[in-house]
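**Student:** If you want the building blocks of each chain, they are given just below.
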Amino acid sequence: MAKLHTYDVLIIGAGLAGTRAAIELADTCSVAVLTKVFPTRSHSTTAQGGIAAALGNMEPDSPEEHMFDTVKGSDYLGDQNQIEILCNNAIPTVYELEHIGVPFSRTPEGRIAQRPFGGHSHPRACYAADRTGHVILHSLFEQSVRAKVNYYSEFFVTELLLNGGTVCGAVAADMKTGELHIFHCTAIMIATGGGGRIYRITSNAHVGTGDGYAMAFNAGIPLQDMEFAQFHPTGLYPLGILITEGVRGEGGILINSEGEPFMERYAPDMKDLAPRDIISRAIYDEIAAGRGINGKEYVYLRIHHIGREAILKKLPEIYKFCMTYVGVDCTKDPIPVMPTGHYMMGGVPTDTMGRVIADENNTPVPGLYAAGEAACESVHGANRLGCNSLVDTVVFGRRTGKDMREYLAEAQRPALPAGPEKKTEALIKKLLSKTDGIRISELREKMQGTMMENCGAYREEKRMQKAYDEVRELAADYDKIALDDKTQQFNTELQEALELKNMLDFAAAVAYSAMQRKESRGAHSRVDFTERDDANFLKHTLLFKTDKEPHTAWRDVVITRYQPKERKY
Amino acid sequence: MQKIRFRIKRFNPAKDRRPHFEDFTVEAEPETPVLDCLHEIKWHQDGTLAFRRSCGHAICGSCAMTINGQNRLACQTLVKNVGKNIIVEPLRSFPLEKDLIVNLDRFYERFYSIMPYFVNNSPPPDTERIQWPEDQELIDEAASCILCASCTSSCPSFWADDDYIGPSALLKAYRFIFDTRDQAQKERLALINTSKGPWKCHTIFNCNEACPKDIDITNAIARLKLKLNDL
Amino acid sequence: MSDEKKQEHTQSMWVRNTGTGGSRTWLFQRLTGLFIVLIILLHFGINHLIGTGEVTYDVVANRLSNPLWKCFDMAFLTFALYHGFAGVWVVVADYVQTNSWRLAIYSALILSGILLYALGTITILGFPFK
Amino acid sequence: MVSWALHRLSGLALVAYLCLHIFVIHNLAYGPERFDRVMELLGSPAFKLMEIGLLGVILYHAFNGLRVIIIDFWGGTKIQKQLFWIMMVIAAALFVAGAAPIAGHLLNALAH
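Protein chains in written order, with our numbering: chain E, 1 to 569; chain H, 570 to 800; chain P, 801 to 930; chain Z, 931 to 1042.
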């Protein structure tokens, strides 16, 4: 019999968005934060370069310029009302983070230091060396300890529970004991982060398996703009570990095998600080043209000209990565880099207060919220600018918390459906009972391979179809997997199996959404439709799960201030 | 590619009464991280192998374990750093849960015990609080701690007495006590000034040698000792 | 925390709260250490480099009849005994985690410390013995 | 860690020696004959050899202790290993200087 817990609010995920919302709620209602890893192990901690806010500490800057840069960066697909909220709230949010102790690097005047970042017209990335996400997550986690937030660490949520379209709880497995727990609650926040692990080469943590996407999708919630998967231009070759854009922010230059700083050709104005989609494609183009280093699939990132001292002070982690993983002393030699799967712009669609919406008419799902990479408030549109995601998580994490509090004042806790844990119980029982079958790694590797080859940075119809078909086949093969580990305590193999199921579910959604969008926009770049098509596709894709093919609907883009224009850098 | 021999300490609470070693062979490049080798074993040889991991590049602090006798992050340790015969064990001095997973409750309790959060109750200014770069640098290194527990697990004082607050939590205390913006210095100093506090640090340096982020933990504890003596 | 654990917790409170003593103990250990190094170098230098290294009743008697030497030796005795016993105290605090054992050892330490100090003091200050 | 372990062990040995030393010197209270008899015993080659050992233990404990004090008060954690060897070189020099006369006495005593 599963254990029952009752709370006002359930937050799934303890990264920046979840933790921030938890702090907002802790003093007024009962909150449980469920996380499959200890909170500080969340993927937010890996963010390196900075958090965007137009503080203007280095040169004059304004939220309006931040907004314009973000709209342009999103290839005009971002909802401008949301982007305005983001950019206006960015400044108080960063100050608030500073007030709760985040140890930002400082200017000689003692203010928060800022560095240039891709697609931003001013130095806007507030940073703490190259571990910005790490210090912010730790500071927020520490404040949540102060606020006495209840954490359920190493709990894996398998299912959202809805009662007549209203949220009422979730089922989770305690990985330590293998027991199932039912959480009965009034409101739920999905803050599970992204799912870059569907790609073979990714900067994402092993935990980045898009559990939230699958959870919502399977509960009948649509996924929005899933076709937009960002590839970060500078992953360390060959592992894909992220080399922050901050390297280029501090003056780093990309060069090809001929020693040419090639970004001058692709983005004459912003060069190496152009948005990520453009640079990633440029690197792929250089490699395709045979100008990869030694004919291989990487280019060089040169940083040694800014001097050893500056590198050690501002980019200490990067220096260490390069030394550890590829034996390159980046104070002397160039760093080998290649694009790496990085960020899902799409996700669970939400409105301005983080409420999850159920359809193209913006009807909210009562009690369901989402924020961070798991959500698609659509501040990033078709392409996210660097250091906008950190600010996104904290701004919308807080707004979500605020709105949940208001929701709780009026909402009733709906009854749980009968036998809520049965489905999960049956799934786990089936997984544990099979003795002969294929390994999970086999399916996972095939999925990661096909997604990388056929649904990566450059796309075309038949390859996407191939990716979709293959993922669907793999999903059908899921029934054939057998686990070595049949025990209850810390069955990490079982957890991987559940994660694989989630990934297969939403990887198909990524490929399917991508096929629907017959244009090139932002990170979604098609060789068969090379132009942006505002007449037909200036709108968000909404994908619904059905018994057969997913159902696609379209949602209007909110345009308030900036009309779409050609995107040049 | 070369053959790497792994001896891994195994313990399954559902089956075993005590831990034992099991051998595996993995094909790996010299540059392959040990974590990837463990994945190779888990994914292709024996799915029952249990260990924690998350980010894969030395910032989340999940995969701290004892590799060839030293506490390291599996993701940051390459095969060429540790040779062709690799012995992997769970972190010592914490209760064993399963294989390479240990129970870190004790470790986190110590962390919670030192008021591990920033306190400044005076009304904040409209912008940031001013902090000079040299003041920020005082805590910069300490703030890069990833709570991997390598240091605490390597400390002989902690081996002997796990009531000891331990290097990790003391480093966290240092991070706040030496933050020029924090106002709870006195309370925090009082919390650590017990017989289980920094006086249990005997300048052994195991923590510094174990720290995967190269943090000078011993120095932080020494500064705390001086501070507690008003020196 | 379970009741059983709570009980265990209170039981070990004494163990928790006695031990390395705190900031002053730490500081004194370092200061006395420094003094002892100086004294011991002097002691060694005088006995073995300047002196013949032979220790006979006459040599010692000659020295201990000098009040300055008496002071020197008293300082040596005090610092060395303190430093040594404080050191043992810390070692015990590290390795002995049961109440009864710790109580016994600490009592023994205090007792033998006082005895030794008395004995040493009698030797130095009581000389010449009449 | 080795430096610390040796420091502890040498410290414990020195406490034991100190206790013994206080007892032995207390023989002064029993008059010259008894004291000199005890001292003669302690002047035997075996004890002289032990005295050289004692000197080594004292010097190790003293100079590693000084290293700890330097680290505690003035930093130097980053060069603690170098500091250890510097201290050991000084201790070794003093050991030679201190052990030579004792060894000399010892050889003299053995020659006679």
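Derived by calculation from the structure, the hints in this document are not laboratory data. Certain hints may be false.
To be clear about the criterion: a stretch of chain P counts as covered by chain Z if any three or more of its residues have a C-beta under 8 Å from a C-beta of chain Z, and this derived list gives those stretches [what the hints assert, rightly or not]:
{"id": "1", "stretch": "823 to 834"}
{"id": "2", "stretch": "856 to 868"}
{"id": "3", "stretch": "876 to 882"}
{"id": "4", "stretch": "900 to 910"}
{"id": "5", "stretch": "915 to 925"}
Cβ atoms here follow ideal geometry from the backbone N, Cα and C, with glycine treated the same way.
**Student:** Could you run down the list of hints and mark each one as holding or not?
**Tutor:** To see whether the hints hold, each was checked on the structure:
1. With 3 residues having a Cβ less than 8 Å from any Cβ of chain Z, the stretch 823 to 834 of chain P passes the three-residue criterion, so the hint holds.
2. Coverage of a stretch by a chain is defined here by at least three residues with a beta carbon nearer than 8 Å to that chain's beta carbons; for the stretch 856 to 868 of chain P and chain Z the count is 6, and the condition holds.
3. With 3 residues carrying a beta carbon less than 8 Å from a beta carbon of chain Z, the stretch 876 to 882 of chain P meets the three-residue requirement, and the given coverage holds.
4. Coverage of the stretch 900 to 910 of chain P by chain Z is violated. Counting CB-CB distances below 8 Å, 0 residues qualify, and the rule asks for three or more.
5. Counting residues of the stretch 915 to 925 of chain P whose CB lies closer than 8 Å to any CB of chain Z gives 5, so the stated coverage by that chain holds, three being the minimum.
In terms of the numbered hints stated before, the structure departs from hint 4 and from no other.
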